[in-house]
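Colleague: Starting from the given sequences, assemble the full structure and let the hints guide the process.
For reference, the chains in residue letters:
There are 2 protein chains.
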Amino acid sequence: MSEVIPPRSGRAFRLGKGARLKVIDPQGEQVADLFAAFAGDTAEVMSSGRTFDYLEKIYLSVGDTIYSNRSQPLLTILEDTVGRHDFLLTPCSADTFRIIYGDRDPHRGCLGNLVEALAPYGIGANAIPACFNIFMNVELDGVTGKIAVKPPLSKASGFIVFRAEQDLIIGLTACSAPQSNNYSFKPIEFEILP
Amino acid sequence: MSEVIPPRSGRAFRLGKGARLKVIDPQGEQVADLFAAFAGDTAEVMSSGRTFDYLEKIYLSVGDTIYSNRSQPLLTILEDTVGRHDFLLTPCSADTFRIIYGDRDPHRGCLGNLVEALAPYGIGANAIPACFNIFMNVELDGVTGKIAVKPPLSKASGFIVFRAEQDLIIGLTACSAPQSNNYSFKPIEFEILP
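Respectively, the protein sequence lines represent chains G and W. Residues 1 to 194 (my numbering) are what the first sequence spells out, left to right. Residues 1001 to 1194 (my numbering) are what the second sequence spells out, left to right.
The set of hints was computed from the structure by calculation and includes no laboratory data. Note that beta-carbon positions come from the ideal geometry of N, C-alpha and C, so glycine has one too. Be aware that one or more of the hints could be misleading.
[Stated by the list, open to error] Residues from chain G shown here face chain W by an in silico Cβ test under 8 Å; the list is partial:
#	residue
1	K57
2	T144
3	S157
4	E189
Modeller: Right, dumping it as structure tokens:
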């Protein structure tokens, strides 16, 4: 009963409190940007800064909780066969492709895909912060602070499972940035489990 | 002509395009949370995620530019006698003190101080993301991703100077979190230079 998100596109859906969301990388080395907002008030969204502060770390895996900008738990990771995800960077966008890749007619990126998918829920671009970038592999030098986007560590059928700690609106993409996915755009699969 | 921000409080002010903002730590080991929004549309605010992406690093110093959520340059660092600041964490808040320090009657923190100071400009709590935490010293293990808040590296009279790349609304605090300031609350000084 899983759904496939085609390459370089996105989806949005409700995830009830207590339900589980499984996100699968069917072919391997593909990133999925995950956005989450509290359904009761969509101005309450995921916050990397709050989460880093409370967890005292920037890499999340099993047992870790993503907090909102109002310090409520939104999602907890229950299973994770990959173990490396990014929570530092914002979704790729037309600006990303213009500035980083020099594209003159840039793709709208994950940001554009999220904005379109989240519009029916009244969530606009300004509300979309750094997302939880599932399977994204950002190497970091703790001394210099330099970051490098590397191919994801996910193999075919790698997955991660979250539990919703609140009633949520979720946005999810099959990422559009060449570097993030080792220069090959692939689909992402997801499944909502009761 | 500098102004002093008393311990555990905050200020907001306009900074015209091209003007310089000097932030001084008069006694040493004190943090100042800096918020910036584009005055022309205050929904456009500083973005740590965009900045990390474009600079390919998480530590900023001389020559580095802070970008907005719409990928515009907002502020560039011109001088910096300290060299270590944080852009990972959100401003301390009543929730921070409740969750991290276990306070039962928590201080409103930098977030509360920024919300009050920015209210006349129509900027509310939901618009305040991870700030640029001047002089805040967050050590990071690049392998495990663990972070540790350490005493600032700033000595008495240490300072940083920014140039405004747009007409801006600035929020600035003398930080309220014990750990960030080596457990001693001190003032912050600032000066606007033409």
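Colleague: Run every hint past the structure and note whether it holds.
Modeller: Consistency of the hints with the structure:
1. K57: holds, 5 Å
2. T144: holds, 7 Å
3. S157: violated, 25 Å
4. E189: violated, 26 Å
When held up to the earlier numbered hints, the structure conflicts with 3 and 4 and fits the remainder.
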